[in-house]
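*Asks:* Here is what each chain is made of, one letter per residue.
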Amino acid sequence: MKTITKYLTFHTEERFKLINITQDIVKVVEESNVSEGICLVNSMHITSSIFINDDESGLHLDFEKWLQKLAPHLPTKQYLHNDTGEDNADAHLKRQIMGRETVVAITGGKLDFGPWEQIFYGEFDGCRSKKVLVKVIGE
Amino acid sequence: MKTITKYLTFHTEERFKLINITQDIVKVVEESNVSEGICLVNSMHITSSIFINDDESGLHLDFEKWLQKLAPHLPTKQYLHNDTGEDNADAHLKRQIMGRETVVAITGGKLDFGPWEQIFYGEFDGCRSKKVLVKVIGE
Amino acid sequence: MKTITKYLTFHTEERFKLINITQDIVKVVEESNVSEGICLVNSMHITSSIFINDDESGLHLDFEKWLQKLAPHLPTKQYLHNDTGEDNADAHLKRQIMGRETVVAITGGKLDFGPWEQIFYGEFDGCRSKKVLVKVIGE
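From first to last, the protein sequence lines stand for chains V, S and U.
The first sequence begins at 315 in the numbering used here and counts up by one.
The second sequence begins at 315 in the numbering used here and counts up by one.
The third sequence begins at 315 in the numbering used here and counts up by one.
Some hints could be false.
No copy labels: a pair is met if it fits in one copy or bridges any two.
Claimed, not checked - Using 30 Å as the maximum straight-line C-alpha spacing, the simulated DSS-like pairs for lysine-lysine come out as follows:
hint, residue 1, residue 2
1, LYS383, LYS320
2, LYS316, LYS379
3, LYS341, LYS320
4, LYS391, LYS445
5, LYS391, LYS444
6, LYS316, LYS391
7, LYS331, LYS341
8, LYS331, LYS320
9, LYS320, LYS379
10, LYS331, LYS316
11, LYS341, LYS316
12, LYS341, LYS383
Hints were generated in silico from the structure; no laboratory data involved.
On a predicted model such as this, the values are computed, not experimentally measured, just so you know.
Only chain V is shown next, with the shape it has when bound in the complex (with noise of 0.2 Å):
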């Protein structure tokens, strides 16, 4: 069995933000010279997501605007949570609705996708550094 495991590091100068970061995993999966596997993308922060969607900036400004409606950030006081000091309550629900992971299979060496399909970093609590954890494991 072969394994990689890579960190990519995202900073944004937004509060919300959608990142395409496709081909920062083609690069993994090349390196990893795996032909059948797996490959797990998660973000290793709780207040930001991976996902797959369409690569599409309308579509984006929906997912936002829709995102604010199911989990406003105003006002802040409204959740527990921002008594400890943090105002990202709200951060914490919209990744639970956008998701942490994915697993994507690779055939033939290469992400196995749909004819739309793009990874995305999804950031809901920016301006600061947070990670994103990227291992192949297969053969």
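Fit chains S and U to the given chain V structure using the hints.
*Replies:* For chains S and U alone, coordinates are given in the frame of chain V:
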């Protein structure tokens, strides 16, 4: 390490449809001859889901009503994504709640399931053919 | 390839309860002697979740309030599923937001976690025994 990769195709006549695909996955696991490992099942499209829940028709109607409330299809103009000519922005959102994929343990050559677990394909923007990937790795 | 499979049982006295099970999973990983691989943790029941987030009591109350808002337990008659004699349709919905499973990387024989990641069992229809599956594969 043994691996097997299969692609299933679904074409629903309804925009919204939940389909129990457990027996399709059971067949792939049997064909793989893997006795200990994992089975990844994911939608290859970004307006549909794979998830595990209950095969109860009332609950499926509850899911539909609930998802329409959280991410309404109408009015389509509420979503920027639909300015691209699509009308399926809501399906991209619904799919985030229901999830892209599941990873199921294989133990003793079988899907290692609890008493009620069933695997579903969730279609939120149907009337077109979409693929589901099934990948088994193990030994 | 090494594999290990364990089953944990939880029986809460409350309908809604979040339990930190990280140390239970650490023990399984240690017992597996896997140094590089992955650990799948999933609820075997369809009204409970496994998810990774923060071990902060205020946030846990925020999660409960938020999930009750998005998928209210009462009135139970709003859900067709409850016509079967159940009263737990809301728990089937809550579980979709919080997720069935997590896949965690194992690196150097340990769960490869960020600084705040903790694994939780989320019970949304308690007062009965339910099982969680833990499967490690790797080498």
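*Asks:* Against each hint, give a clear statement of whether it holds in the structure.
*Replies:* Structure-based check of all given hints:
1. LYS383 to LYS320: neither (34 Å within a copy, 38 Å between copies)
2. LYS316 to LYS379: neither (42 Å within a copy, 44 Å between copies)
3. LYS341 to LYS320: both (10 Å within a copy, 25 Å between copies)
4. LYS391 to LYS445: Close inside one copy (28 Å), not across copies (36 Å); limit 30 Å.
5. LYS391 to LYS444: within (25 Å within a copy, 35 Å between copies)
6. LYS316 to LYS391: For LYS316 and LYS391, the Cα distance exceeds 30 Å both inside one copy (48 Å) and across copies (48 Å).
7. LYS331 to LYS341: Within one copy, since 22 Å is at most 30 Å while 36 Å is not.
8. LYS331 to LYS320: within (22 Å within a copy, 35 Å between copies)
9. LYS320 to LYS379: neither (32 Å within a copy, 37 Å between copies)
10. LYS331 to LYS316: Intra 33 Å, inter 39 Å, cutoff 30 Å: neither.
11. LYS341 to LYS316: both (16 Å within a copy, 24 Å between copies)
12. LYS341 to LYS383: neither (36 Å within a copy, 40 Å between copies)
Hint violations for this structure: numbers 1, 2, 6, 9, 10, 12, all remaining hints satisfied.
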